[in-house]
Structure formats: C-alpha cells, structure tokens
Amino acid sequence: MSVINTKYGRRSFIKSSFLAGGGLMLGFNSLASLITEGRALETIPDEWFNINAYLKISSDGVFTIKAPHPEFGTDVRTSLPMMVAEELDVDWKKVVVEQADYKPSIYGRQYTGGSRGVMEKWVPLRTTGAAARQMLIKAAAKTWDVPEAEITTEGGVLYHKASGKSAKYEEMAARAAEIPVPEKVALKDPKDFKIIGTSRANVDLIKMVTGKAPYSSDINREGMLYAMVVIPPAFGMKLKSFDALSVKSMPGIKDVFSFKTYEDGYKRNMFDTNAFPELVAIVGNSTWEVLNAKNKLKVEWQPFTEQSFVMAGFRGEQTVVVPPGLESSSDHKAKMKDAADKPGRQMRKDGNPEEVFKNAAKVIERTYSAPFLPHYMMEPITSFAHYTDEGLFVAGPVQSPETTINTISSRIGLPPEKIHIELTRMGGGFGRHFHAHCLTEAAVISQKVKAPIKLQYTREDTTNMGSYRPACLAVYRAALDKDNNLIAFHVKAGGVPDNGLNANAFPAGAVDNYLAESFSIASNITSGWFRAPGDNFIGGVEQSFLDEIAEAAGKDPIEFRLELLKRSKEKPVGARADYDASRYAGVLELVREKSNWAANKKRGVAAYLCHRAYAAHVIDVVVKDNVSRVQSVFSAVDCGIVVNPDSATNMVEGNVVDAIGHAMYGELTFTKGKPDSSNLGKYRLIRMNEAPKNIEVHFVKNDIAPTGLGEGPYPSVFGALANALYKATGKRFYHQPFIKNSF
Amino acid sequence: MAVFNLNVNGTKQKVDVDGATPMLWVLRDQLKLTGTKYGCGIAQCGACTIHLNGVATRSCILPVSSIGSKAITTIEGLSELGEHPVQKAWIEHNVAQCGYCQNGQIMAAAALLKNNSKPSEEQIETAMKGNICRCGTYVRIKEAIKSVSRT
Chain W
2 MSVINTKYGR RSFIKSSFLA GGGLMLGFNS LASLITEGRA LETIPDEWFN
52 INAYLKISSD GVFTIKAPHP EFGTDVRTSL PMMVAEELDV DWKKVVVEQA
102 DYKPSIYGRQ YTGGSRGVME KWVPLRTTGA AARQMLIKAA AKTWDVPEAE
152 ITTEGGVLYH KASGKSAKYE EMAARAAEIP VPEKVALKDP KDFKIIGTSR
202 ANVDLIKMVT GKAPYSSDIN REGMLYAMVV IPPAFGMKLK SFDALSVKSM
252 PGIKDVFSFK TYEDGYKRNM FDTNAFPELV AIVGNSTWEV LNAKNKLKVE
302 WQPFTEQSFV MAGFRGEQTV VVPPGLESSS DHKAKMKDAA DKPGRQMRKD
352 GNPEEVFKNA AKVIERTYSA PFLPHYMMEP ITSFAHYTDE GLFVAGPVQS
402 PETTINTISS RIGLPPEKIH IELTRMGGGF GRHFHAHCLT EAAVISQKVK
452 APIKLQYTRE DTTNMGSYRP ACLAVYRAAL DKDNNLIAFH VKAGGVPDNG
502 LNANAFPAGA VDNYLAESFS IASNITSGWF RAPGDNFIGG VEQSFLDEIA
552 EAAGKDPIEF RLELLKRSKE KPVGARADYD ASRYAGVLEL VREKSNWAAN
602 KKRGVAAYLC HRAYAAHVID VVVKDNVSRV QSVFSAVDCG IVVNPDSATN
652 MVEGNVVDAI GHAMYGELTF TKGKPDSSNL GKYRLIRMNE APKNIEVHFV
702 KNDIAPTGLG EGPYPSVFGA LANALYKATG KRFYHQPFIK NSF
Chain X
56 MAVFNLNVNG TKQKVDVDGA TPMLWVLRDQ LKLTGTKYGC GIAQCGACTI
106 HLNGVATRSC ILPVSSIGSK AITTIEGLSE LGEHPVQKAW IEHNVAQCGY
156 CQNGQIMAAA ALLKNNSKPS EEQIETAMKG NICRCGTYVR IKEAIKSVSR
206 T
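Here the protein sequences line up with chains W and X, keeping their order. Note that the first sequence covers residues 2 to 744 in my numbering. Note that the second sequence covers residues 56 to 206 in my numbering.
Please note: incorrect hints may appear among the correct ones.
[What the hints assert, rightly or not] Subject to a maximum C-alpha distance of 20 angstroms in a straight line, what follows is the list of computed SDA-like cross-link-like pairs (lysine to any residue):
(1) W:Lys-213 - X:Asp-73
(2) W:Lys-694 - X:Ser-202
(3) W:Lys-261 - W:Ser-410
[Said to hold, decoys possible] Examples of chain W residues toward chain X, derived with CB under 10 angstroms:
(4) Leu-206
(5) His-376
(6) Gly-429
(7) Met-652
It should be emphasised that the hints constitute simulated quantities derived from the structure, not laboratory data. Each residue gets a CB set at the ideal place from its N, CA and C atoms; glycine is no exception.
Pulled out of the complex, with its shape left as it was, chain X reads as follows (with noise of 0.2 angstroms):
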C-alpha cells in the first residue's frame, strides 16, 4: 500500500493502495466516481476511457502509480449536468439504448474533438473504434460526433 495524490476533474484526492492498482478501481472504489466503467479489464473495449492530460486512455490498465501529477478527467468531470458539446449532442440524438458504454463512448468523442475538430468519416471511425457498443447505437454516435464538428 501506498499513498498516491491524485488530480481527479480539478481536485486533489488522497488514496492509500496498491500501486499497481489500475485507476479504473481507483475511481470506482475509492473515490465513488462510478461514471467510468468496466467492462473487459484488457483495454479493448473503451468503457473505462478517461481523460488523462486530455488524451483519452484506458484506465482499466493504467496503474496508479502511473500517474504522477497527471490530471484526470473523468465523465462526472466533463460536466456536471450535461453542458459538455458532446453530452448535449448525444442527449440531442438520443443515442443511448442500456447506456453503459456512453461514458467511455463520450470520454472518446471529447477527447477525439478536442484534438480535431472537423474529423472527417474515416478519422471518427478510426478514433472511435477502440469503444464498444453491444446494443449497436454506433450510427448516432457518428452524427453525434459530426454535430458536435459541425458547429
């Protein structure tokens, strides 16, 4: 056990574990922050993405002790009630059938929108296709996105 601070959506936290702790259990467990989620613990399905220094990541491999002064971004952090470009083009669009994946789906679009922000169909597919989506709402995610890169 360890104690690591920790930048987490503009805040210093405090936690005493395991350094190869992966920050997905970190969030989860620790810090209640339930928004990131898992889903295949091998980062090959992008439930768990988080931002960190702004570059979409896995956190479900990514260990603690890893971090350093880094800061996380998480989806409570994006925006508390839904004000994020992307959360509100995904409300627009009604994507979310179960819902479970959109948070790291949303983690990814940021991210992608941040960096790009008039991503072309293939660069959307490119960025986004690390995130899975059982329930096949991957048609209005990409018209979520291009919303988003057409304002």
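So here's chain W without its partners, still in its complex pose (with noise of 0.2 angstroms):
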C-alpha cells in the first residue's frame, strides 16, 4: 500500500464541488451508451450522483467513469477506467464508460501519444477512485457512526464487519458527494489488484461489430453540407489560381473557395506541420457531387521560391525556412549518402574510436537505408465543424487536443473556452493526427458557409498531406579485436529531414569506444510523428547491425547481446546509459526461453528499448517457391505492471504485424515532388496472407509503474525480421523495403 497525495487528483474533484449537492438529477439521452462487456443495460436509472469529474454512481448501482484521453486504437477507452474502478473498489460488470469532454483544468493532459497515456495517467486515475472509494467509507461510518478504520469494501459494498451492517455504494452515493475530498489516500498493493492485470473486453466493442462506434466521419447534423479540399499536386508548389465558374454550377455544388489555414504572421505551434497552407475548398450537397466538382475544378499551381515561418519546438521558437523545388527521392538518396561521407553532428563520443578501428583485427561497416512512409491510418481525414454565433463545435481525429484548439482558437477568432472539441474515436492514428490541420479547415469553411460541414479528405488527399515518416540512412562501423571482442562501435545516422539517432541507447554504455554522429537534409517535404519515431528506423537496423557483429564474433547473437548488457551494467562505459542493462536483458533471456532458441538455426532475433518499453522478438521465415512468410513471432516484453493483459497482447501483436508490413513493403517515392503512390493501386500495405501465422506474446511480470505499448515493440521487429531473413536465405537486408531485395 502506498499512501499518495490527491494533489495529482484534486483538480478532478472541481466538478464536484458545484455540480454535486446530493443527488443531482442528470438528465439521460441514450440507452445506448449504456453498454459495457457486451452488457446493455435494461433500466435507465432514476439519479446520478457525481463523485468527482471521473465517476458518477447511479441510484441502481451503475459506475459511470470517464475516460480522459482521445482513443485511436490502443484501448486507452478500457485501460484507464479500469484503473479507476480498481481503487474505487466495483465490480468492473457494473462500470460504464463515457469518453471525457475535452477539459484539461479538470482532465490534465488530454492527449494520445508517445504511448505515454497508461504511463501519466496510472498515479492520478488510481488516486481519483482511492478517493471515491474514501469518500463512500467516510458516509457510511458517520451514518452507521463507526469508525472509519473499521468499514471495509468490496465489489462496491461498504462493509462493518463488528455490527454486521452492510449497504451499497449506490445508497451512500448522495451522501458520499457531499464530503469533502481526503487529503490523502491510500493507493492497494499490487498484490492486492482485482481489476488490474485481468483481461477486460474492450469497451466498443459491440459498437465496433454493429457499425455504431462513432468516428468524426460518421457524424452527421441536420443542414449538414459536405466539403472536400483541392490540394497542390507536389511539394513545392502552391495555388496559382482557380476558376470557380468551372464547377459552380455542377450539381449540388454550394460554394467554391480558397482559404488560408492560418493568419499571416501566426507563429505556428509545434504541432502545426502543413506543406499546404492554402487551399480551395468546395462545398455541397454529397461527398460524391462534390467530388465530382473537385475532379473537374480547373486550378493552376506554381512552385514557391520563398516560405518561412515562426514556428514553436522543443527547443523554443524558430523561423523555419522552407527550401523551395520539386524534390525526387533519387536527390534525397544521393544527399543521404553524400552527408554519410562527411563528418556528421558528434552527438557522443566515449574513448579513442579513431585509433581503434584503425589498429583492429576486424572492421565491418554496413550501411542501412529506409524510405518515407505514410501514416495510411484506415480512415481517411475527415473532421467536423459546426461554426454558430454561440461558438464553435469541432470533431474530428486529433492526439494533441491542447494544441490544436489553439491553432483553432487564432484563425477563427474565438476564445478556446467557446470551441468544444469533441474526442471521437479515430481510425487509426500512428503519430498522424498530432498534425490536425483538418479541424481548422473544416472549422474555417463552416464559418464561411455558415452551416454545419463535413470535411472529407480523399485517400489520395490524406496520403498527399502527409507527414511522413522521413528517409532514413545509417552508416555503422564496428571494431573486433584478435579475439572477438567488440574494441569499438560507431553509428552516422540522418534522413531528411533526420531521424532521431538516440546516441545514449544501448550499445552506448558498453563499449569502450563509442562514437556517435547525425546528419539531417533540409526539404519541403513535411514529415512528423510516426509509430516509434527515429526509433522505427534506427532500432532495427542497429539490431541488424548488431546481428552482423555476433556473426563476425562467431557468438550466438542472444548471448553476444548479454555479454554487453552484462558489461553495460558492471562497468558502464560514460556519464549516460538511458536504459536499464537488466530490464533488457530480462526480454532476452524470457524470448529465449519462450522461443526455445536453439531448436531452430533459421531464425532472427532482436530486442530494443523504446518508449519506456523493453522487447524481444524471435521470427521464424519459411521461404517457399522464392517468397518469404513469416511463420511465427514469439515476443517478450517489459513495460512494468500490465493493466489489461488481452488488450495489451492484441497491442504488441498490432506492432509485430505493422512491422513486419512495413519492412517488407512500405515505400513512398516522390519525382519532382509528388508521391508515386497515392493510394492502394500502388502503395502495399500488409495483408492477411503476408502476416504471420502465430504470434505468442509473453511479459514480464513485475511490478514496476506501467509504461504504453504503442510503440515500445515496434522497432525490433524490423530487425528480428531481416535477421530472420538472412538465416532463411543466406542474403543480409540492408534496405527497406525488404521486398524489393531479390531473394
């Protein structure tokens, strides 16, 4: 038991305090989003009585909690109320999920990303329901006037055991709103987790299954008007002009326009990357007339020569300079390479590297390269906007909320506290939606039309708009002394624009010479957040790399991994090491074990830290008739306690099938700075007869604070899988992607 400050929950409890007063009757709309684990309930209750932000109770004994963060896909909708109702103490049948407004005073941070949501939310959430369940204690023992101490509760009953009396959370409720909030509660044990690390149904999932799961581009109002937006056909080019006469009068056609995204001189916040910031956007009666106008629309573009802006970072506010041209994929390579000949940006450095790779028994240097990637999120762009003289009403799929209500906020002119922006349930998302320029468009058209609009992206528009996963390329040297022991290791990583080389991963730490180096090449080409960002790339072909090294040591590559781990952890090599040597040999040497190694010469392992999760992959590939299938996946994996097993499992299976499509696939090319593959006639994504046949999925038991699983697996599958298919076919894959490798 640990007893923790509800400063980290207090702000939940604002609601509260004004909303509560004892029984307040809430009004209640729908049946149907009163279903949780398949369950429907059969009678709508009588009262709700509101406990704090997150948790209502209901007179008949319904836990309404509230899940705070936009969900697209990892099940953040299940996992977070869970750990509410764990500390509140209910039977989880009786819960019922709500998705949150969008309110970070009461919420905090609203927002899915970086696979941080179990990880920042586990103290508050649990601290939320410790407090409810306090607070539920306190009403019962000044109504039975017994001490507190002496009630006990369990699956939503208080109990006192010495009297012998007895009642439901649903009959202290009212009482139990209108006590003040502990200052202090005591969070279980993990021990003691009844709810927790139980595998729980995603609560959509009826809805997912009947079509009725609510996207933004399901959303549809009364007067509603549909919008699509003409975009400039490359990177490097912007609207010249448009003829609107050509379209106006096609059929269903309302308006034709073009708009800008933001004000001139708006200093754009980190999230708002946008290679097109202007565009023209027709509006009509159906999605189909007005695609059929935006087919038909004659627009005349030009390439710029000059765009910068003010744009905030990580590092503080910048002007960004946007290099004008049409940009081809051939350039980016030839740059790549070129830079790699050069002395890159020394990011680390530990020992003498130059000397030793000089005076070794044995130098392997290898170079590694993958291409841009589009996000290819299954439900194409679309948002929501209903522009009013009260204010504005915006949905559509966003991870960063905080950010974008702020772009919002600047182009239409209206204080943020007058925008409601709604958290539907998003088609995928891998990092793409950070960029959700498409709320300010639909919002700006709506203002315009004054009507409630739908902003619909074709697929083509929502692979054209991207912000890619950028092109990568890594040089690595690695240094074995006469008895193969790795002397020194060094690693030039860039891309265009760079690709986020972490120079205090693992191997850093544990050899003696260490000399880390990046690169980066300006573009016009925009790209941004992407599944395991810098990680997806470099993870995997550092654990390629590495698989080489052991080869070349004549080590097995677990065991030549442990070796380092066990040095990095004994006598660590500098000042940095940002990963824990034990956690990550623990998904090795579990992997190993699981996979039952040494059964199978024709295998590929890998394992990697990122986002604060530790994985290991085995993959086994059968190649028959000169195509490769992976057979199977055995993954272990370290990310502290795991909240909902099955879900979590389903996550790192996700990640390994992902991977493994877009290793062996994923590639977008440019020529003169349009894609070469908008949709799917030419662009491959994964499909159920390219992905493994099982996938087994062990973690660590422990426990250590939760961690997300969105991400942290993903990279060694890159290079589990080419080490796999070096063993199946005798040929290193240096390239992505994998397909285009003759077998």
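Could you use the hints to bring the two separately framed chains together as a complex?
The structure is reproduced here in structure tokens:
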C-alpha cells in the first residue's frame, strides 16, 4: 500500500464541488451508451450522483467512469477506467465508460501519443478512484456512527463487520458527494489488484462490430453540407489561381473558395506541420457531388520560391525556412550518401574510436536505408465543424487537442472556451493526428458557409498531404580485436530531414570506444511523428548490425547481446546510458526460453527499448517459391505492470504485424515533389496472407509502474525480421522495403 | 438525378441521386448508415464491404444504378446487437483495435462462412486478403473465423 497526496487528482474534484450537493438529477438520453462488456442496461437509473469529474454513481448501482484521452486504437478507453474501478473497488461489470469532454483544467493532459497514456494517468486515476472510495467510507462511517478504519469494501459494497451493517455504494452516493475530498488516500498494493492485471474486453467492442462506433467521419447533422479540399499536386507547389465558375453550376455544388489555414504572421505551434496552408474548398450537398466537382475544378499551381514561418519547437521558437524546389527520392538518396561520407554532428564519444578502428583485427561497415512512409490510417482524414454565433463545435481525428484548439482559436477568432472539441474515436492515428490541421480547415469552411460541414479528404489527399516518417540512412562500423571482442562502435545516421538517433541508447555504455554522429537534410516534404519515431528505423537497423557483429565474432546473437548488457551493467562506459541493462537482458532471456531458441537455426532475434518498454522478438521465416513468409513470432515485453493483458497482447501482435508489413512493403517515393503512390493501387500494406501465422506474446511479470505499448515493441520487429530473412535466404537485408531485395 | 428503389437490410428505401453515385456514399450520405466505411475508393482495402444478394461486394465502386432489386445487407443489417455468429466471434476474440476496418472484415467473413462453413486456413486467407487492417489484427481475425467454423 502506498499513501498518495490527492493533489494529483484534486483538479478532477472541482466539478463535484458545484455539481454535487446531493443527488443531482441528470438528463439521460441514450440507453445505447450504457453498454459495457457486451451488456446493455435494462433500466434507466433515476438519479446519478457526481462523486468527482471521473465518476458518477447511479441510484441503481451503475458506475460511470470517464475515459479522459482520445481513443485511436490502443484501448485507453478500457485500460484507463480500469484504474479508477480498481481503487474504487467495484464490480467491472457495473462500469459504464463515457468519453470525457476536453477539459484539461479538470482532467490534466488529454493527449494520445508517445505511448504515454497509461503511464501518465497511472497515479492520478487510481488516486481518483481511491479518493471516491474513501468518501463513500466516510459517508458510511458517519451514517452508522462507527470509526472509518473499521469499514471495509468489496465489489461496490461497504461493510462494518462488527455490527453486521452493510450498504451498497449507491446507497451512500448522495452522502458521499457532500464529503470533502480527503487530503491523502492509500493506494492498493499491486498484489491486491482485482481488475488491473486481468483481461477486460474492449468497452467499445459491441459498437465496433455493429457499425455503431462513432468516428468523426460518421457525424451527421441536420443541414450538414459536405466539403472537400483541393491540394497542390506536389510538395514545393502552391496555389496560383482557380476558376470557381468551372464547377459552380455542377449539381449539388454550393460554394467554391480558397482559404488560408493560418493568418499571415501566425506563429505556428509545434504540431502545426502543414505543407499546404492555402487550399481550395468545394462545398455541396453530398460527398459524390463534391468529389465530381473536385475532379473537374480548373486550378493552376506554381512552385514557391520562398516560404518561411515562425514555429515553436522543443527548443523554443524558431524561424523555419522551407527550401523551394520539386524534390525526388533519387536526390534524397544521393544527398544522404553525401552527408554520410562527411563528418556528422557529434552526439556522443567515448574512448578513442578513430585510433581503435585503425588498429582493429576486424572492421565491419554496413549502410542501411529506409524510405518515407505515409501513416495510412484506415480512416481517411475527416473532420466536422459547426460554427454559430454561440461558438464552434468541432470534431475530428486529434491526438493533441490542446495545441489544435489554440490553432483553431487563433484562426477563427474565438476564445478557446467558446470552442467545443469533441474527442471522437479515430480510425487509426500512428502519429499522423498530432497534425490536426483538418479541424482548423473544417472550422474555416463552416464559418464561411454558415452551416455544419463535414470535410472529407480522399484517400489520395490523405496520403499526399502527409507528415511522413522521414527517409533515413545510417552507416554503422564495428571493430573487433583478435579475440573477437567488440572494441569500437560507430554510428552515423540521418535523414530527410532527420531520424532521431538517440546516442545514449544501447550499445552506448557497453563499448569502450563509441562514436555517434547525426546529419540532417532540409526538405519541403513534411514529416512528423510516426509510430516509434526515429526508433522505427534506427532500432531495426542497429539490431541487424549487432547480428552481423555477433556472426563475425562467432557468437550466438542472444549471448552476444547479453554479454554487452552485462558489461554495461557491471562496468558502464561513459556518464550516461538510457536503459536498464537488467530489464533489457530480461526480455532477451524470456524470449530465448519461450521460443526454445536453440531448436531452430533459421530464425532471427532482436531486442530494443523505446517509449519505456523493452521488447525482444524471435521470428521464424519460411521461404517457399521465392516468397518469404513469417511463420511464427515470439515476443517478450517488459512494460511494467500489464493493466489489461489481452488488450496488451493485441497491441503487441499489432506492432508485430504492422512492423513486418512496413519492413517488407512500405515505401513512398517522390518524383518532382509528387508522391508516386497515393492509394492502394500502387501502395502496398500487409494483408492477411502475408501476416505471421502465429504470434506468441509473453510479458515480464513485475511490479514496476506501467508504461505504454503502442510503440515499444515496434522497432525490434524490423531487426528480427531482417535477421530471420538472412537465416532463411543467406542474404542480408540492408534497405527497406525488403521486398525490393531479391531473395 | 434519378430515383432508385433499394432493398437495404430488408427495408425498402427510395433515394434520389446521380445514378453513378457509389453505393457507399448512398448508404453513408443519403441513408445515414455509417457502419460501411470509406477506405480507399478503389476497391482495394475492403472497408466498404457489403453483401449484394449475399455476396461480399465493395460498395465504393458499385454504382447505385447497377443495384436494381438486389438485396443489400450492411453491417447494421447483419444483426443490430451483435448476435450474428461472426460478430459474436469478434467479441469473444477481442479482435478490434481502432475498429475502423472491422465492419468490412466482418462482412467479408460472414459471406465466406455462408458459402463455406469449414474453410481451410488457405481459403480464409484468400477470402480475407482483400480486407486491410493497418492495426494488424489479422491473427485474431483468423482465429475468430476459425472459431465460427468449428461450431
């Protein structure tokens, strides 16, 4: 048990102080929202008691728990409420999950990304549940005139054993709502968890399998018009002119106009990545009519020569100068190779690598590369806005509402408190929806046409207006002595524009002579966060390179890594190593055991830490008729306490499949600024017949506070696959997508 | 514009639209049946899968003028509360992540199992390879289909 000061959750109680006051009657609109774990409530409760902003209790024992973060597929709408329910001590079957409004003053950061949701809400949400339970206990103690300490709870019932008294939570809810929030509450010891650590079905499953889960693209409103935007055909281009009359008389077309997403002189926030801030909007009565007009619109584009803006970043405000020109992937490759031939920006140096490389018994040097990747969320970008004199209602795929609302506010001229941003379910995100310019665009269009509008990007728009995973290149060198010890390690990595090399990641700290350098190449092709940013490239190729070093040293690849980790733990090199060598080794040892590693010689292994989750995978590949297919994957993951094991397993499986798909097939190339493949006719995503036949996921069991799983298991899959392909084919795979290598 | 009399989920529906309008947009815009999803618009991802006289069909390239009297079933018509064996299997296997493609996956799987109640692994892969899931839930989708075929 640990005692927690309720300051963590205190803001979440603000609401109760004015909404509570004993048995507040709330309007209740939809039985359909009362579904959890496949069960619909049979009766509508008479009354709801607001205990705090996260929790209300109905007079007939239904516990409504708010899910604070936007959901894009990682199941935070289940795992986060589970934390409240655990400390509240209620039967999960009686819990109903509702999406919280966007109110950071009450809920704290409401943000989905960086695999941070479970980690950041771990203490606040349990504190909220525990404080509510404490308030119910105080209410019962007062009612029964017995000491609080003698009251116990179980499954939503309060007990006073000595007197034999008991009461359901709902019977005490009205009194509890009037009790001041306790200053300190005790949190459970993990060994006493009843909900956390047990598998609970996704709370939206029934809605999802019946077509009723509400995505922003599904919003319909009375009088709603449909909008599309026409975007420049290539990066490096901007609008020159358009002829509204060419389509205005087409059936169903209401309006055609150009607009700017930002006011002139606007200071962009760090998520305002947007290559095309001036667009043409077409508004009409139906998607099909608007699409037809979009295809017919006469519009002229021109290359821009100068573009710059002020943008806030992690390192403060800076003026971003966008280089002009129509870029091609062949140029990018040449520039990256040139940069890799020159000294890079030194990020870390231990010992004297230059000297050691000169005198080494063996030196291995390898170059790896990967292309731009579009996020390819299954839901093409769609947003909804309704601007009225009272304010703005806006909905759309958004991972960072806090920055998005400021962008909208500045453009529309409404204060943030007059903007309601609805946190709808997203059909995937993978980092793309940090850059939620589509909401501002929808707001501008609604303001102009004075009607609720749905802005629908086509799939091609969604791809072409991307903020891609950057194209990357890395050169690795390793030096071995005559006894095959790794004595020097050098990585030089960069990209268009960069690739996020973490110089203090493994194997830094495990090698006496170490050098990490980076380079970056300016581009007007927009890039941004993509599942496990930076790591999705560097993690995979580093693990491929370690495989080659192990082979050159004549060592088993798992044993080789464990030796390095032991070295790092016992006698670390340098001041800093951004990993826990024991946890790193733990996942390798677990995957070695579970995969029965020695049983099959044609398999690959890799391990990596990112987003605070350690993961190791063993992959078995079979090559038949020149086609490789992953048969089995064994995954071992350490993300601390696993809140919802089956959901977590699903997340690891998804990481594995998604990473294999992108490693094998993912590639977006450009010719003169134009993406060469905007849709699935040319762009390839993994399909069922290419996915692994079996994925076995194992978690390290410990009591460490949980981290996230959306990204941590991802990068190492790229490495394990490359290493497995080598074992299956005899060829090393250095350049993604691997399908382009001959087998 | 022309009037089309459609049979959608067992109900007669009258719509007045351009005959070239894909059924996907008739369902979503005119009939407000939003369970059928737009994914690619070129019949390559399967998110828009419906049943046309029981056959899994991509509604994004299916002009409304070509429907005639054929029966259309959407995810909403498969069963309202998720009682269809395929939907139940999806729930049992906790398949979905973002869930966006799953309506199409379920419609494809239901059509497969209607024609072949015991599909082999290869037959499942062949029938389902037209439906993309970027979240990567294929292993669970396959297990869910197998569990239906075992009952």
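Evaluated hints:
1. Taken as a hint, the W:Lys-213 and X:Asp-73 pair is broken in the structure, with Cα atoms around 27 angstroms apart against an allowance of 20 angstroms.
2. A threshold of 20 angstroms between alpha carbons decides the hint, and for W:Lys-694 with X:Ser-202 the separation of about 16 angstroms falls inside it, so the pair holds.
3. Our distance criterion of 20 angstroms between C-alpha atoms is met by W:Lys-261 and W:Ser-410, whose separation comes to about 14 angstroms.
4. Interface restraint check: W:Leu-206 against chain X, minimum CB-CB distance 5 angstroms, threshold 10 angstroms, status holds.
5. The closest approach between the C-beta of W:His-376 and any C-beta of chain X is roughly 8 angstroms, which is under the 10 angstroms cut-off, so the hint is satisfied.
6. The beta carbon of W:Gly-429 is positioned within 10 angstroms of a beta carbon in chain X (closest approach about 5 angstroms), and the interface hint is therefore held.
7. A least Cβ separation of about 7 angstroms between W:Met-652 and chain X falls short of the 10 angstroms threshold, and the interface hint therefore holds.
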